[in-house]
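Listed below, chain by chain, are the residues.
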Amino acid sequence: MTKHVSLLAAVGVVLVANGFALMHAARNRMGEPDAEIVLTQRELSYFPGSDNTGVELHLIESNRGRYFFGSSASDPANNWMDESKLRSLGFDCRILPANPAAVDFYRRQRPRSVFLALEYDGPAFQRYLEQSRKSTTPEEAARRSHLVPIDAATDYTALRKLHADRRNVLVVPAVIGVALLYATRGDAVQPAHPDELTGFIVDMPRTIHVPLPWSGKFRAIPNPAKASYRVHLRYGRLLDPQVTGVDIN
Amino acid sequence: MEKQAQEIADRVRIVREELAKPELSSALALTPEQLSRLDEWSRAKLSELAGRFDVDTTDSQKRFSWGMRIASTLGGLALCAAVVLFFARYWGYLETWVQILVVMFVPLAALAGTEYAARRERTLYFAGLLALVSLTGFVMNLVVIGRIFNIASTEKALLAWSAFALFLAYRYGLRMLLAIGLLLLLSYGAALWTARLGYSYLTFYHRPEQVALLALALFAVPFFVEHDVQSGFPAVYRQVSAVVFLLCILSLAEWGSASDLPFDTKTIERCYEATGLCASAGLIWFGIKRGWNYVVNAGSVFFVIFLFCRLYHWWWDWLPKYLFFAVIGALGILLVMAFKRMRSRLVAVRA
Chain A
1 MTKHVSLLAA VGVVLVANGF ALMHAARNRM GEPDAEIVLT QRELSYFPGS
51 DNTGVELHLI ESNRGRYFFG SSASDPANNW MDESKLRSLG FDCRILPANP
101 AAVDFYRRQR PRSVFLALEY DGPAFQRYLE QSRKSTTPEE AARRSHLVPI
151 DAATDYTALR KLHADRRNVL VVPAVIGVAL LYATRGDAVQ PAHPDELTGF
201 IVDMPRTIHV PLPWSGKFRA IPNPAKASYR VHLRYGRLLD PQVTGVDIN
Chain B
1 MEKQAQEIAD RVRIVREELA KPELSSALAL TPEQLSRLDE WSRAKLSELA
51 GRFDVDTTDS QKRFSWGMRI ASTLGGLALC AAVVLFFARY WGYLETWVQI
101 LVVMFVPLAA LAGTEYAARR ERTLYFAGLL ALVSLTGFVM NLVVIGRIFN
151 IASTEKALLA WSAFALFLAY RYGLRMLLAI GLLLLLSYGA ALWTARLGYS
201 YLTFYHRPEQ VALLALALFA VPFFVEHDVQ SGFPAVYRQV SAVVFLLCIL
251 SLAEWGSASD LPFDTKTIER CYEATGLCAS AGLIWFGIKR GWNYVVNAGS
301 VFFVIFLFCR LYHWWWDWLP KYLFFAVIGA LGILLVMAFK RMRSRLVAVR
351 A
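Residue numbers (our numbering), protein chains in the order written: chain A, 1 to 249; chain B, 1 to 351.
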């Protein structure tokens, strides 16, 4: 028996790891879901792979953060990721953005694991649409995701309490980074706003697996880029999503 | 045991070859009877060793062994790619429960194949190849289950993969699996540390200091854990940890902003450059003292890299390019001379 301990241990590792993963999935699906929501092709993109028959959708949000769109200070739709919010997420913001040491100080801060609230087709999206109306065509605006990040916290319960609408607000684990928005560097023109801090989404669970029988419907779509569909999602107790229905038009 | 048997076979083979040379045979002046007895004994010894262990008794066998090792590693890697791509090609047509059963079956079936191959052949070429497939199957297993149920990834999978690789390595005496297992273990340790501090575990490599400290701890493991059966494993521990440690120091010397130290980036980079030079020189000294060639080699390679990086920072902008490369060439010659002296010292220590 002792001769085979390492062999049995290797088999045990496979069985235990699978057991944990399956128990996690079962716990996620048991009881009341965290959120149930219907998203469309705007929020869930589908690109079939030539060598991969699995169907996976990619979650897209609008207004990922001002860091990705330059230093537009007049962007009220995303003002929530400011210095006080970043402090509450655990970032060290003791150095003022205008301080010459700020660049090195904030570049060295690592992204933090938090919970992120995303609102679907709500006031945040309307504000965002109004704001970007001048810079985008109506066709582009129609293709935009209606899912907009609206808040973040390190405590899930507190965040869900603040955003209790489980049909329109998703809460997901995410990774947020801190960045400096420059206003003055290398620019002789009087800046419109001072240098400031902002947060941006580094990562969040974006891939959503579609099982049979719905995956077959996706594979049958002749032109995925122009397809129109609605996906019913159930975010479980552990915040992992599950596809519960698909309507393809 | 295998290693010791190979050393004995090498010594016997060298004695046979040397005695065949006229210079030595005339100096020893052995009688035909003595020569025949020696020949008989050496043949019997080599065939006994070849019967009990997987040892190479001739030079051509040694070359073949290396070729087979390389072929089995490349074959194993290709087989791993084939398994993953085959699954990706067809998994979309399977029901969820079938997908789960298939991905659980792959590592266990490959493990059974490894065990079967290890019992059939002493060389372990096929066993090593199948063990690699088994580990890849287990990685695919957990990745696919995570994808099927949309489970947010955590660092725990690294621990499971590491444990699996280490158990396989110790079971069959596979050094490559040991190296992979140790790298996964280091990654897990650093990822866990990062996650406990509230950061995303995937950013563990953003702070090389954590990985470097864990690599130092790993270097010390063979001093406390006896490896009577797998006598070649301590060398793998030291090689992996030395290379990882010096890579971390090198990255900090070049990108100081990745450090946790509360100093400005330039100061940190200078400190780590000095640390890298001292650490690699220290490894060379330690390797010579202990007679560990692989440690000396790792230390020498990194010493040269650290030195050249420093020279680049000093002189690249200041010197004309032809002069820069001429100076580097001259330094290279000096280093070769220094290393030659060190090598002769190493030979003297071993003698």
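Keep in mind that the hints were calculated from the coordinates and are not lab data. Errors might be hidden in some of the hints.
[Unchecked claim] Under 7 Å between C-beta atoms, here's a sample of chain B residues computed to sit facing chain A:
1. 104
2. 148
3. 265
4. 267
By construction, the Cβ of each residue, glycine as well, lies at the ideal position given by its N, Cα and C atoms.
Violating hint indices (sorted, rising): 4
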